[in-house]
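Given the coordinates of chain A, work out where chain B should sit on it, guided by the hints.
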Amino acid sequence: MHAVPEHSYIIINNLPLYIIILPLLGTVLIAIFNKRETLRNLTAVLVSGGTFLLCCLLFLQVLEGGTVSASWPHFIGIGLNLAIDLFGALFALFASCLWFLAVLFSWTYMSHENRRTRYYIFLILTLSGCLGVFLTGDFFSLFLFFEMMSLASYVLVIHSETGETMEAGRNYLYLSIIGGLSLLIGILLLYFSTGSTAITPQLEKLTDAGFTRILIVVFMIIGFGIKAGMVPLHIWLPKAHPVAPSPASALLSGIMIKTGAYGISRVVNLLMTPAGGEHGSWHFTEKLGLIIIWFAVATMLSAALMALFQTNIKRILAYSSISQMGYILMGVGCAAYLGYEGPIGFAAFSYHILNHAFFKAGLFMMVGAVYARTHELELSRLGGLARSFPVTATAFLVAAAGIAGFPGFNGYISKTLLHHAIVEAYEHHHLFSLHLAEYLFTITGALTVCYIFKLFTGIFTGSKPAHLRDLPREPFLERVVFTVIAVVIVYLGTTPQTVLHRVVEPATAGFGYDSHAAHHLLELDFLNLSDMLGVLIPIALGLALLFVMQRMQLFHKIRFPYWLSVDRYVYAPVSKHSLALFTIIGQVMEKNIDRSYVALPSTFSPVYHGLAQLEENHMARWGRWINLTVVRIREMVYHLWMTGITTVFGNLSRLLKQGFRTLFQVDYRPQEKVFRTINISNLDFNLLIIVLTLIIILGITVFLR
Amino acid sequence: MSNILPLLAIFFPLAGALVIRFLKEEDAAWRHTSAFVSIFLTFAAVVLMLPITMRGEVIELRLIPLVENLHVYFRVDSMGMIFGMISSTLWVFAIVYSIGYMSHEHGQRNYFVFYVLSASATMGVAFAGNLFTLYIFYEYLAICTYPLVVHAQTREATRSGIKYISYSFGGGALIFLSMFAIYDLVGTLDFAPAGILGAAGPESRSLLIIVFVLCIAGFSTKAAVMPLHSWLPGAMVAPTPVSALLHAVAIVKAGVFGTTRVFYSLYGVETLRELNLTGYLAVIICFTIIAGSVMAIKQDVLKLRLAYSTIGQLGYITLGTLLLTPTGLAAGLLHIINHAFLKITLFFCAGIIITVTGKTKLQDLVGVGRRLPLTMIAFSIGAFGLMGMLPICGYISKYYLLTGSFAAGKPVFAYVVLGSTLLNSIYYLPIIVNAFFKKGSFEEPRGFEAPLTMLAPTVTLAGLAVILGLFANYTTIPLVEAVVNTVFR
Chain A
1 MHAVPEHSYI IINNLPLYII ILPLLGTVLI AIFNKRETLR NLTAVLVSGG TFLLCCLLFL
61 QVLEGGTVSA SWPHFIGIGL NLAIDLFGAL FALFASCLWF LAVLFSWTYM SHENRRTRYY
121 IFLILTLSGC LGVFLTGDFF SLFLFFEMMS LASYVLVIHS ETGETMEAGR NYLYLSIIGG
181 LSLLIGILLL YFSTGSTAIT PQLEKLTDAG FTRILIVVFM IIGFGIKAGM VPLHIWLPKA
241 HPVAPSPASA LLSGIMIKTG AYGISRVVNL LMTPAGGEHG SWHFTEKLGL IIIWFAVATM
301 LSAALMALFQ TNIKRILAYS SISQMGYILM GVGCAAYLGY EGPIGFAAFS YHILNHAFFK
361 AGLFMMVGAV YARTHELELS RLGGLARSFP VTATAFLVAA AGIAGFPGFN GYISKTLLHH
421 AIVEAYEHHH LFSLHLAEYL FTITGALTVC YIFKLFTGIF TGSKPAHLRD LPREPFLERV
481 VFTVIAVVIV YLGTTPQTVL HRVVEPATAG FGYDSHAAHH LLELDFLNLS DMLGVLIPIA
541 LGLALLFVMQ RMQLFHKIRF PYWLSVDRYV YAPVSKHSLA LFTIIGQVME KNIDRSYVAL
601 PSTFSPVYHG LAQLEENHMA RWGRWINLTV VRIREMVYHL WMTGITTVFG NLSRLLKQGF
661 RTLFQVDYRP QEKVFRTINI SNLDFNLLII VLTLIIILGI TVFLR
Chain B
706 MSNILPLLAI FFPLAGALVI RFLKEEDAAW RHTSAFVSIF LTFAAVVLML PITMRGEVIE
766 LRLIPLVENL HVYFRVDSMG MIFGMISSTL WVFAIVYSIG YMSHEHGQRN YFVFYVLSAS
826 ATMGVAFAGN LFTLYIFYEY LAICTYPLVV HAQTREATRS GIKYISYSFG GGALIFLSMF
886 AIYDLVGTLD FAPAGILGAA GPESRSLLII VFVLCIAGFS TKAAVMPLHS WLPGAMVAPT
946 PVSALLHAVA IVKAGVFGTT RVFYSLYGVE TLRELNLTGY LAVIICFTII AGSVMAIKQD
1006 VLKLRLAYST IGQLGYITLG TLLLTPTGLA AGLLHIINHA FLKITLFFCA GIIITVTGKT
1066 KLQDLVGVGR RLPLTMIAFS IGAFGLMGML PICGYISKYY LLTGSFAAGK PVFAYVVLGS
1126 TLLNSIYYLP IIVNAFFKKG SFEEPRGFEA PLTMLAPTVT LAGLAVILGL FANYTTIPLV
1186 EAVVNTVFR
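Each protein sequence line maps, in turn, to chains A and B.
Everything in the first sequence is counted per the working numbering, starting at 1 for the first residue and increasing by one.
Everything in the second sequence is counted per the working numbering, starting at 706 for the first residue and increasing by one.
Quick caveat, the hints were computed from the structure, so don't treat them as lab data.
A portion of the hints provided could be inaccurate.
[Claimed, not checked] Straight-line alpha carbon distances no greater than 25 angstroms define the calculated PhoX-like cross-link-like pairs of lysine-lysine that follow:
#	chain 1	residue 1	chain 2	residue 2
1	A	K287	A	K205
2	B	K1115	A	K576
3	B	K1064	A	K35
4	B	K1115	B	K1064
5	B	K1003	A	K576
6	B	K1144	A	K35
7	B	K1066	B	K1003
8	A	K239	B	K1143
9	B	K1115	A	K205
10	B	K1144	A	K239
11	A	K591	A	K576
[To be verified] Label-pair ranges, simulated between beta-carbon atoms:
#	chain 1	residue 1	chain 2	residue 2	range
12	B	K1144	A	T311	28 to 34 angstroms
13	A	N34	B	A899	57 to 63 angstroms
14	B	S911	A	H283	49 to 55 angstroms
15	B	E979	A	G79	32 to 38 angstroms
16	B	I841	A	V631	48 to 54 angstroms
17	B	V1171	A	L17	19 to 25 angstroms
18	A	I291	B	V1171	38 to 44 angstroms
19	B	L912	A	E635	53 to 59 angstroms
20	A	L39	B	R1151	50 to 56 angstroms
21	B	S808	A	T311	55 to 61 angstroms
[To be verified] Chain B regions said to be covered by chain A (calculated; three or more residues, Cβ under 8 angstroms):
#	segment
22	932–941
23	1111–1122
Where a beta carbon is used, it is the ideal one built from N, C-alpha and C, also for glycine.
Chain A extracted, bound-state conformation (with noise of 0.2 angstroms):
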């Protein structure tokens, strides 16, 4: 399973598997420095540095043109391809810079957490796997580090090792694994209809494929979607985005479900899409787009709805989480939806997926190192820290102001993009439903505007509760990351143009655009007053409902309805019920198989105890009767014969005897008239009897004749 996607410049070098092996190898240090904390803190954090230099570097040997790729066609038996185009190698970058953010935070975070060396060991590895999805030029390689991310990460989920911990750890893997072997079927579809699992437009190849077709992206749509916590797949993500210690939130939610979104778009909107551009089927690609759309506004929504009415800190971050996936993936949608033209939903997710990506793994490390100073995580019984952590709130608002999409901060970019992605696919086709997807997006920003700012307030505004005094102060370490993420948020937010002609329009020739839609994206300035109305009725509306929900005291008032839950009313009966079904037909099968098996004899044993039965008490005293009856009987016949026997024969001589008896006295009487008759010498008599003899033998052959 092997190729090289296609393009003008292929750079071939080892870089990518250095990028990959640096933190396997990382982890073998950490576990050698198990005991010795700031060595093996330190290795840590040089490992995931490295990884991040070397990242940057695959970055810019990328940006300079070209693919660079390396390939082991003999690697245990599969072989293992990597292929790196511009936007692998922009996920990668980011993904390994936050990881390197967390390491540090880390540092101070786990200090008070135990089992340190196996949470730095699976941290790091989680971070090879992770990269190596990004890395890679054909789905098998990418599904490998795909499961390989999934499992190691287990382990940073059920760090505290606590019931809830668990359960949502047993959801967590079970989901992953469920994902897993849905994208292998993929693939292996995909293989066995194409000849090749490359990471390549390859939808020509498919038209003849038929249902498969659409075999291959549900399968892998479901095995990328449940990473990315797409509805109706999401239910593993709030349990246990929360569970996991603050940084490991935070790469779960900055980085890894963008493993799930990395994975959709691949699929979407380069291998189902025909390789020489305008091509008659796109339309395949656009329907895709509209499918896709449509679940991205559901996750969006829905999601954005209950984060507005948790109360506990990380959960509502996790659904904060589901609810900008859907952002990403309708842009996704989009781009597949406006098919040829689709560069401008391209650069919408992309840009989307690069700014959650910073203020996620920011929300979550600041309302992290929170709960590792106050140990509360419940939104009422937290507020006015804002004093006590000055930096942390501060990095917070900037988060907030990113994730709410106000003007000058990152969101406020990709929001933008997706606004004008969403009112393009409406125009490409005049849909109504379309037109409505474009009303429930701005009501998803209110919302997320809403929920946000509930969030600040609630941490840190307002009196500060009593247990919460002489808290400990942020450490230096913490403010330095925290500053990073504020100023990326930022810069992403103010040199839109920068980002988009450097790294979005060179990455879209990856995907098979047309490459003047590409380069009108350029030509979108943002600072226009249509576009700042775009965002500024979400942020009015979202303010507005949070001002009348605190007012009203709504948020207590308010419960989710719990009938919206698929878990509940899904998931778990179904997988109760299929396995109880099994598994009573098997218990079944192996009780009645046994009895007519092995206890076959045994339905014989009423027969043999009857027996018994008669040998031991009838047959002592019938015994002899019946014996002598028998003799008796044999007797009797016996008697009979021979009685027979002699009366037959008797009788028979006797009546021969007469006979010749009686022809000797006839033969012996010459006088007689009969005598003279009946004798041979009496030649008319013998004449008559020739005569009559010929005629009748005469008369019968005539007869038969």
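Same frame as chain A, but now just chain B:
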């Protein structure tokens, strides 16, 4: 010289058993020595034959003529070599492990006599050149293992023993019946790479179908195909090395090996394709895979869970072989090897857990990773290997099976296999998670966590499983390719 090697492989354990029988019960040192030496000599004999079969040559040995064209006949071809090689290798590990495990049990002499004796029977099954010889050694294997199953001499053990022996002989009887029919049809019972029943012609189609059903039912009894599986969980009352070797490697694999022989050496690919029967069997096998795995989830005794897992995993082997394609056959044979290595590791770990902690139930094993770190790592390797995780050897056979079923145009099988992979993870992962990620009442070990005679084979086998996964291209795949090349010439 070389053509008496198969005979030697059968003879050495026989001689070893005889020696052990006439040693005194207290004479443990000599008993262990003779057991190990005889098994090791067997292993050596098999290894000496390996290069010969890898060159594509066949060692033949016709001994006792019975009737025309029917001898007690040994024939070492590449297919038999796989089974012989894997059994003799694992027997060496198992005998070392047995020495450690049995040191506190009663009736050791009896145990070792039959343990060594069953090696001889297994070698006979592996190197049998016709169905008659195979049948003889197949029944011989059942008889030798019966005393091992009832070793505990409890009421439960006796009941399981009766169940075991009645299932075995029931299956044997079916094979015996089919033997007459085959001899009557084609006048020989000798195995041939392309099958012998192709000569029977289309007029005997109905008889061929009947013989197929008889043969497969007979061998499936040992291969624990549902609904004929229930002796296997029952036989878990045996001492753990017995469960490990006989019920994960030798006996069940003899059943699967017999099925493969019937498919490829008796019927031949062409004949089977014409008969078009494998579809029905596939339905049964798919059900076995899923139901076996689901029932494994419900077991709360570790050994029973492993036993039900075996039922599912054996289904993979049969599923691979009945695809009747090169990839399918390769998948089946590879899984014979890989499953043997992984499952024996798992059983050895279970044995260590029983010996060291005395616990058999899964809910008592929370946090056991603290007390038995190496053992539980070996256990994880085995379990992950069976789930198909890289780079442990199980993934190769699973990969072949998946690609094989897609290439044969039967993606349904792939769905079944992947579905059961999910079930595998559902019944294995909680054990690992509980062992490592939950706190239990276990203390850290002082010194070695378990007797070295038990720990060393377990860890070595786990290491071998990883090596076989990493270097499959140079180890298992050439072995299997040799078979595939002779069958699909």
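Evaluation of the provided hints:
This hinted pair checks out: K287 of chain A and K205 of chain A have alpha carbons roughly 18 angstroms apart, not beyond 25 angstroms. A threshold of 25 angstroms between alpha carbons decides the hint, and for K1115 of chain B with K576 of chain A the separation of about 28 angstroms lies outside it, so the pair is violated. A C-alpha spacing of about 32 angstroms is found between K1064 of chain B and K35 of chain A, which places the hinted pair above 25 angstroms, so the restraint is violated. Restraint check for K1115 of chain B and K1064 of chain B: not satisfied, since their Cα atoms lie roughly 43 angstroms apart, outside the 25 angstroms limit.
At most 25 angstroms may separate the alpha-carbon atoms for a hinted pair to count; K1003 of chain B and K576 of chain A meet this at roughly 12 angstroms. Between K1144 of chain B and K35 of chain A, the direct Cα distance comes to roughly 20 angstroms. Compliance with the 25 angstroms bound is thereby established for this hinted pair. For the given pair, K1066 of chain B sits about 12 angstroms from K1003 of chain B by alpha-carbon distance, which is consistent with the 25 angstroms threshold. For the proposed pair K239 of chain A and K1143 of chain B, the alpha carbon gap of about 19 angstroms is at most 25 angstroms, so the pair holds.
Restraint check for K1115 of chain B and K205 of chain A: the C-alpha separation of about 21 angstroms stays at or below 25 angstroms, so the hint holds. Restraint check: the Cα-Cα separation between K1144 of chain B and K239 of chain A comes to about 22 angstroms, which is no more than 25 angstroms; the hinted pair holds. Taking the CA atoms of K591 of chain A and K576 of chain A, the gap is about 22 angstroms. The hint holds against a cut of 25 angstroms. Distance hint check for K1144 of chain B and T311 of chain A: the Cβ-Cβ separation is about 29 angstroms, which falls inside the suggested range of 28 to 34 angstroms.
Take N34 of chain A and A899 of chain B: their Cβ atoms lie about 59 angstroms apart, and the range 57 to 63 angstroms holds. Our hint of 49 to 55 angstroms for S911 of chain B and H283 of chain A holds, since their Cβ atoms are close to 54 angstroms apart. For E979 of chain B and G79 of chain A, the hinted distance range of 32 to 38 angstroms is satisfied, since their beta carbons lie about 37 angstroms from each other. For the pair I841 of chain B and V631 of chain A, the supplied restraint of 48 to 54 angstroms holds, since their beta-carbon distance comes to about 51 angstroms.
A hinted range of 19 to 25 angstroms holds for the C-beta pair V1171 of chain B and L17 of chain A, which are about 21 angstroms apart. The hint said 38 to 44 angstroms for the Cβ distance between I291 of chain A and V1171 of chain B, and at roughly 43 angstroms that hint holds. The hint said 53 to 59 angstroms for the Cβ distance between L912 of chain B and E635 of chain A, and at roughly 54 angstroms that hint holds. As the Cβ distance of L39 of chain A to R1151 of chain B is approximately 28 angstroms, the hint placing it in 50 to 56 angstroms is violated.
Between S808 of chain B and T311 of chain A the CB atoms are about 60 angstroms apart, so this pair conforms to the stated range of 55 to 61 angstroms. Only residues whose C-beta sits within less than 8 angstroms of a C-beta in chain A count toward coverage, and the segment 932–941 of chain B has 4 of them, enough to reach three; the restraint holds. Taking a C-beta to C-beta cut-off of 8 angstroms, the segment 1111–1122 of chain B contributes 5 residues in contact with chain A, enough for the three needed, and the coverage statement holds.
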